[in-house]
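Residue numbers (the working numbering), protein chains in the order written: chain A, 13 to 310; chain B, 13 to 310.
By construction, these hints were calculated from the structure, which means they are not laboratory data. It is possible that some hints are incorrect.
A pair counts as met if it fits within one copy or between any two copies, since identical chains are not told apart.
With a straight-line Cα cutoff of 25 Å, these simulated PhoX-like cross-link-like pairs (lysine-lysine) come out [unchecked claim]:
(1) LYS30 - LYS59
(2) LYS115 - LYS149
(3) LYS286 - LYS61
(4) LYS149 - LYS171
(5) LYS14 - LYS227
(6) LYS307 - LYS30
(7) LYS266 - LYS115
(8) LYS197 - LYS134
(9) LYS66 - LYS171
(10) LYS190 - LYS286
(11) LYS271 - LYS14
(12) LYS170 - LYS30
(13) LYS129 - LYS115
(14) LYS190 - LYS164
(15) LYS134 - LYS246
(16) LYS61 - LYS30
(17) LYS14 - LYS176
(18) LYS185 - LYS97
(19) LYS265 - LYS176
(20) LYS265 - LYS59
Bear in mind that the values here come from a model prediction, so they are computed numbers and not experimental data.
Protein chains: 2
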Amino acid sequence: MKIPIVFLGTSQAIPTAKRNHIAMLLHYKNETMLVDCGEGAQRQFRKAKINPCKLTRLLITHFHGDHVLGLPGLFQTLALNSYNKTLQVYGPRGTLRFIDLMKRLFIPRGNLKIEVKEVSGKFLETQDFYLEAFPLKHGAPCNAYAFVEKDKRKLDKKKLQELKLPSSPLLKKLQEGKDIEHDGKKIKANSVSYVEKGKRISFILDTALCENCFKAAEKADLLIAEATYTEEDKELAEEHRHLTARQAAEIAKKSQAKKLVLTHISQRYDGREKIILDEARKVFPKTEIAEDFDKIEI
Amino acid sequence: MKIPIVFLGTSQAIPTAKRNHIAMLLHYKNETMLVDCGEGAQRQFRKAKINPCKLTRLLITHFHGDHVLGLPGLFQTLALNSYNKTLQVYGPRGTLRFIDLMKRLFIPRGNLKIEVKEVSGKFLETQDFYLEAFPLKHGAPCNAYAFVEKDKRKLDKKKLQELKLPSSPLLKKLQEGKDIEHDGKKIKANSVSYVEKGKRISFILDTALCENCFKAAEKADLLIAEATYTEEDKELAEEHRHLTARQAAEIAKKSQAKKLVLTHISQRYDGREKIILDEARKVFPKTEIAEDFDKIEI
């Protein structure tokens, strides 16, 4: 099953005519997760023709304004649209306080149920996937996130037909990887099924290069990483604790990621983003730069 | 002198692909005033190619989210761009508390000087203009605003040449409307000068119809008013304390305004705004509907 990711915004601190503030959507089965929610995100939903009421979870990397100032407006629009779930909100240390402030920021209309958790390490596990947070090094408490789909054993339908296996309790056992007996014959699970590797999608934004970047990105099918600077401005990157395009590519390479998409693009490179791409591709050729409304399926 | 007004956003609570949240700019001499600052306003500045650092004053009608959620982002961008003035912020009762909350909402970068005042009645007067606030009737404390340019006495250069009046102190007296003596002759100020009427621009948004609507709009050269509903949805308008297009037009007509521009357009009329316009024009023909980035000169 392909997992779609939509880039609702791709800019750094100051938006440009082409790039709105950062926000990324990940759809998986009946889950729609938003990673960061920069100012104007609710209008980006509208432009992308995605109903924000589909949201189930919100993963916040950190509370610098450009990553979160779309939250109050999104909350209000969800409330006005009679959002009827409880929105699950995750973030680093400080999240409870900030979300509480946001709810008091303006006179709200409607009611919205939110559950907020400050997370680190594996913080959610379902039958199909888990979510993991990795503390990073930035000017504010900041998390990288990994969405990890679990490996799934799939039955080989052709082989099952050959064996004339009808009964569902037996099929269930095979799917669980257990060997069975049928018509007096032993059937090994591995002989009629195979394991489909789950996908891993990692989000690293706003950090200086640190050990947890590599842990978050490890063997990711898709690594989405900030590339706020190029090597030319490496001193600024260090001062503001951001990655250069080259560093993002090095993370992808060393972590054996399959694909890298760069985002959080600074206005300083407006119209000349190619220098970011070229720098990264020298280290990790399978790199792209995200544009607003790009959709990637992994 | 023409006074330009730029519509940076024209939507009601929920933005559409075409309309961003409400925000309006008024330029006058070395003043740039922003009336309301909906989410995404800073990006609208960028798209309109207007430097937000030109801002001198911010007039907030009320603290419903759709009118103010662009403030934190705008504050951050001003700080990042080394805004070096003290931004004057005006609003209704409650403004001090809300602005204080906004400053604590996220981890700010840079420093920004802001002076906040809760206003009602005439609250600012300069040599050239004054600003007046009129409390309205809405679900939250809410102000209408009027920008009033003062009348100016102008000298008739042709007549001055005929009289061969060279001396500047004498000219200054005439400009002040005082009669003078020259070459033994009395010269009446009115005979060599005329009074140029100042412009009045009024902003009425988010209110039920009330007496102060008419006071704010009185003889306005330009009345900008909300038209969130049409008469068909008059019950909703009353419930949510908003104007219908017809009511906005009636305000313009009874107040003897010269021109009416409708804004704060609801998504329910997306693509069929003509019904708003038609309803208003039946009462007040000189009506237009604002689109994002429209510029009007009065």
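Hints and how they fare:
1. Taking the closest pair of Cα atoms, LYS30 and LYS59 come within 25 Å of each other both inside a single copy (13 Å) and across two copies (9 Å).
2. For a Cα distance limit of 25 Å, the shortest separation of LYS115 from LYS149 across copies, 24 Å, qualifies, whereas the shortest one inside one copy, 27 Å, does not.
3. In this assembly of identical chains, the alpha carbons of LYS286 and LYS61 lie at most 25 Å apart only when taken from different copies (24 Å versus 29 Å within one copy).
4. Within a single copy, LYS149 and LYS171 get their C-alpha atoms no closer than 51 Å, and across copies no closer than 74 Å, so neither meets the 25 Å cut-off.
5. Proximity of LYS14 and LYS227 under a CA criterion of 25 Å is satisfied intra-copy only: 24 Å inside one chain copy versus 61 Å between copies.
6. For the homomeric pair LYS307 and LYS30, the shortest alpha-carbon distances inside one copy (16 Å) and between copies (22 Å) are both at most 25 Å.
7. When the C-alpha separation of LYS266 and LYS115 is checked against a cutoff of 25 Å, the pair qualifies neither within a copy, at 41 Å, nor between copies, at 40 Å.
8. For the identical chains of this complex, LYS197 and LYS134 are neighbours neither inside a copy (42 Å) nor across copies (94 Å), given an alpha-carbon limit of 25 Å.
9. Within a single copy, LYS66 and LYS171 get their C-alpha atoms no closer than 39 Å, and across copies no closer than 73 Å, so neither meets the 25 Å cut-off.
10. Proximity of LYS190 to LYS286 under the C-alpha cut-off of 25 Å is found in neither arrangement, the shortest distances being 52 Å within a copy and 67 Å between copies.
11. For a Cα distance limit of 25 Å, the shortest separation of LYS271 from LYS14 inside one copy, 15 Å, qualifies, whereas the shortest one across copies, 55 Å, does not.
12. In this assembly of identical chains, the alpha carbons of LYS170 and LYS30 never lie at most 25 Å apart, being 50 Å within a copy and 53 Å across copies at closest.
13. For a Cα distance limit of 25 Å, the shortest separation of LYS129 from LYS115 qualifies both inside one copy, at 15 Å, and across copies, at 23 Å.
14. In this homomeric assembly, LYS190 and LYS164 come within 25 Å of each other (Cα to Cα) only inside a single copy, at 14 Å, whereas the closest approach across copies is 93 Å.
15. Proximity of LYS134 and LYS246 under a CA criterion of 25 Å is satisfied in neither setting, with 32 Å inside one chain copy and 52 Å between copies.
16. Taking the shortest alpha-carbon separations for LYS61 and LYS30, both the intra-copy value of 18 Å and the inter-copy value of 13 Å come in at or below 25 Å.
17. Proximity of LYS14 and LYS176 under a CA criterion of 25 Å is satisfied in neither setting, with 31 Å inside one chain copy and 87 Å between copies.
18. Proximity of LYS185 to LYS97 under the C-alpha cut-off of 25 Å is found in neither arrangement, the shortest distances being 34 Å within a copy and 72 Å between copies.
19. Taking the shortest alpha-carbon separations for LYS265 and LYS176, neither the intra-copy value of 46 Å nor the inter-copy value of 84 Å comes in at or below 25 Å.
20. Taking identical chains as interchangeable, the C-alpha atoms of LYS265 and LYS59 are never at most 25 Å apart, the minima being 34 Å within one chain and 37 Å between chains.
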